[in-house]
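K.L.:
Protein chains in written order, with the numbering used here: chain U, 1 to 85; chain F, 86 to 170.
If you are wondering where the hints come from, they were derived from the structure by calculation, not from laboratory data. This one's a predicted model, so the numbers in the text were calculated from it and none came from an experiment. Heads up, some of the hints might be wrong.
[As the list claims (entries may be wrong)] Which chain F residues stay away from chain U? Per the calculated CB distances, all over 10 Å, these:
hint : residue
1    : L99
2    : G134
3    : E143
4    : I163
[Unchecked claim] Cut-off 30 Å, straight-line C-alpha distance, at most; resulting in silico cross-link-like pairs (BS3-like, lysine-lysine):
hint : chain 1 : residue 1 : chain 2 : residue 2
5    : F       : K96       : U       : K11
6    : F       : K146      : F       : K118
7    : F       : K105      : U       : K41
The C-beta atom is built at its ideal place from N, Cα and C for all residues, glycine as well.
There are 2 protein chains.
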Amino acid sequence: MPTIVVDVMPKAELLDPQGKATTGALDRLGHGKFQNVRIGKRFEFTVDGPVDDAVLAEVRKVADEILSNSVIEDVVSITVDGEAK
Amino acid sequence: MPTIVVDVMPKAELLDPQGKATTGALDRLGHGKFQNVRIGKRFEFTVDGPVDDAVLAEVRKVADEILSNSVIEDVVSITVDGEAK
Numbered sequence: 001m002p003t004i005v006v007d008v009m010p011k012a013e014l015l016d017p018q019g020k021a022t023t024g025a026l027d028r029l030g031h032g033k034f035q036n037v038r039i040g041k042r043f044e045f046t047v048d049g050p051v052d053d054a055v056l057a058e059v060r061k062v063a064d065e066i067l068s069n070s071v072i073e074d075v076v077s078i079t080v081d082g083e084a085k
Numbered sequence: 086m087p088t089i090v091v092d093v094m095p096k097a098e099l100l101d102p103q104g105k106a107t108t109g110a111l112d113r114l115g116h117g118k119f120q121n122v123r124i125g126k127r128f129e130f131t132v133d134g135p136v137d138d139a140v141l142a143e144v145r146k147v148a149d150e151i152l153s154n155s156v157i158e159d160v161v162s163i164t165v166d167g168e169a170k
């Protein structure tokens with residue numbers, strides 16, 4: 001069954017405290033070459049049936065209205081992965 | 086600066102309570118065509134300098150040992166996104 005992947009990240013202009021803490025921890029652990037780490041969410045939808053434009057439009061609507069908080073987050077990508085997972 | 090994206094998902098054989106709750110909520114809201122939703126994490130690393138094999142190996146190590154809990158999660162992908170973010 002096809003899988004649709006939705007990626008949601010904190011907006012670029014906002015501080016991401018979780019990411020900042022991770023950046024600091026990696027630096028203390030000797031991984032200082034990573035300038036910045038930001039942490040978001042990845043949703044995998046399993047759809048029964050073919051993925052057509054209507055399904056993608058519904059996913060886009062769900063991603064914008066339900067899965068992400070548009071005040072602080074952006075939906076950065078919606079991709080279809082046809083491989084079985 | 087290049088961005089390296091690391092995706093971490095709960096293992097397929099484990100119940101994902103957060104995803105199950107989201108699947109149920111979407112169904113009640115009229116989005117019943119999504120059979121299953123699983124929720125994982127997406128990390129974006131900003132690296133100062135070129136991304137070579139050594140950097141990718143370090144990211145892989147960090148992803149496996151620090152960013153994911155290998156008992157319950159899998160690192161599903163590590164990709165390089167050269168676009169400015």
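K.L.:
So, for every hint listed, does it hold in this structure?
P.N.:
Hints versus structure:
| no. | hint | result |
| --- | --- | --- |
| 1 | L99 | 14 Å, holds |
| 2 | G134 | 7 Å, violated |
| 3 | E143 | 6 Å, violated |
| 4 | I163 | 13 Å, holds |
| 5 | F/K96 / U/K11 | 28 Å, holds |
| 6 | F/K146 / F/K118 | 38 Å, violated |
| 7 | F/K105 / U/K41 | 15 Å, holds |
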